[in-house]
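Peer 1: In case you want the letters, here they are:
2 protein chains.
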Amino acid sequence: MSNNNSFPDEQKKGVYRAIMKRRDIRAQFTDAPVSDKILNNILQAAHHAPSVGFMQPWNFLVIRDQKTKEQVYTGFKKAHEDSAVMFAEEKQDTYRAFKLEGIRESPINLLITCDRQRTGPVVIGRTVQPEMDLFSTVCAVQNLWLAARAEGIGVGWVSIIYEQELQRIFSLPESVRVIAYLCLGHVTHFPQQPELNWKKPVGCHASTLRILFFMKNGEKPCGSRPFTVL
Amino acid sequence: MSNNNSFPDEQKKGVYRAIMKRRDIRAQFTDAPVSDKILNNILQAAHHAPSVGFMQPWNFLVIRDQKTKEQVYTGFKKAHEDSAVMFAEEKQDTYRAFKLEGIRESPINLLITCDRQRTGPVVIGRTVQPEMDLFSTVCAVQNLWLAARAEGIGVGWVSIIYEQELQRIFSLPESVRVIAYLCLGHVTHFPQQPELNWKKPVGCHASTLRILFFMKNGEKPCGSRPFTVL
Chain A
92 MSNNNSFPDE
102 QKKGVYRAIM
112 KRRDIRAQFT
122 DAPVSDKILN
132 NILQAAHHAP
142 SVGFMQPWNF
152 LVIRDQKTKE
162 QVYTGFKKAH
172 EDSAVMFAEE
182 KQDTYRAFKL
192 EGIRESPINL
202 LITCDRQRTG
212 PVVIGRTVQP
222 EMDLFSTVCA
232 VQNLWLAARA
242 EGIGVGWVSI
252 IYEQELQRIF
262 SLPESVRVIA
272 YLCLGHVTHF
282 PQQPELNWKK
292 PVGCHASTLR
302 ILFFMKNGEK
312 PCGSRPFTVL
Chain P
92 MSNNNSFPDE
102 QKKGVYRAIM
112 KRRDIRAQFT
122 DAPVSDKILN
132 NILQAAHHAP
142 SVGFMQPWNF
152 LVIRDQKTKE
162 QVYTGFKKAH
172 EDSAVMFAEE
182 KQDTYRAFKL
192 EGIRESPINL
202 LITCDRQRTG
212 PVVIGRTVQP
222 EMDLFSTVCA
232 VQNLWLAARA
242 EGIGVGWVSI
252 IYEQELQRIF
262 SLPESVRVIA
272 YLCLGHVTHF
282 PQQPELNWKK
292 PVGCHASTLR
302 ILFFMKNGEK
312 PCGSRPFTVL
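Those protein sequence lines, which keep their order, are chains A and P.
Sequential numbering of the first sequence, starting at 92, is according to my numbering.
Sequential numbering of the second sequence, starting at 92, is according to my numbering.
Next up, chain A with everything else stripped away, as it sits in the complex:
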């Protein structure tokens, strides 16, 4: 199964362990400060993400100021309440009770943005799929999340806040899009299972893995037919 380009077993294990044991962290942050070395490591990991046309369109804003966190938390609360009323009435109270962010209690908040004009209007690979620079920046988020897991640092992605609110708080130029607002810090533990709130996972973590085979028989796959494994 292995080849000359594959990693030794223990390194491979690290990669899969980070992938399988990464969690979205909203609580259990500790007061232990994140060292500059670890912060630099995980930002370097983010920075080595693939980027369309080597555009590297990301910026990383490291937020430690409690007043700024409070502003963001106020924005979260508004969006959270706007969100609650979108759910069926009988679910709204449950939704409101969920712990969905760790903005104020995590030592570091991190805003990851995408500067859409970083290398000019025409970029190799972003010609007919103009959203590719946004996707590159999401790859940077995932790199950071996995590196953080290896370092024992919890990361949570706060998506319940209006982008315009973050643009206002951080005075972002118009060409800069918000991709992710993250909460980072040491944690007491990583949950064994993802925290799903009202949706229960089937088996360990994975519900049905949907793989659609499109092989030699020329059969068209159906977009919603689930296959279990290979």
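Please note that the accuracy of each hint is not assured.
Which copy? The list can't say, so a pair holds if one copy fits it or any two copies do.
Pairs of lysine-lysine, DSBU-like flavour, derived with a Cα cap of 35 Å [claimed, not checked]:
#1 104 x 169
#2 128 x 104
#3 160 x 128
Source of the hints: derived by calculation from the structure; they are not laboratory data.
Based on the hints, put chain P in the right spot on chain A.
Peer 2: Here is chain P on its own, set in the frame of chain A:
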């Protein structure tokens, strides 16, 4: 620097090695078949990506059929020519000469999609940021890319093709968006440096890492001011 939740050094090294040594592969694919075990491993890695509200909105279409690859390649060629004329005239011939995809010569092509209706219209965390399911699927792409690197499998992302063309070829339902079309296979080698075409990397791989500090002094960061390191 380490804590109880961090990985042992060799596993950590594996994570950073995958991140730093991952490349976008457009050439040097070999004829060696990708085993079902490896394919399953890297698809499982993709499936363990974070997903908003545990939506797991992705589907994976595994393409081995040469005729289907030819259809996709035809779609690439059209988008590639449409792209060429977007560049300044003196760059167009250079652009046309670049090798930007390995559709026909890679043993496996993989279409990764996002089913926007997977778990109904209202999803926790996708209320005021409706694009979060697309971003979750991008995280799945990056997980797969890193796991593939650990397995010694090259992966290239073909973004020079119209989404509508892929939707037509694969008869995708309207609610299913295309996120990535990938080419996968064993390779003779991984390039030391990213292949940047006309843009040269500064230093190893990283140009300036843009970290904007937003700390206790309350100073507003400027959206384009580059900082080097912490």
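Peer 1: If a hint holds in the structure, say so; if it does not, say that too.
Peer 2: Hint-by-hint comparison with the structure:
1. 104 x 169: So residue 104 and residue 169 fail the 35 Å test inside a copy (42 Å) and across (41 Å) alike.
2. 128 x 104: both (24 Å within a copy, 15 Å between copies)
3. 160 x 128: within (23 Å within a copy, 45 Å between copies)
Violated hint for the displayed structure: number 1, the only one.
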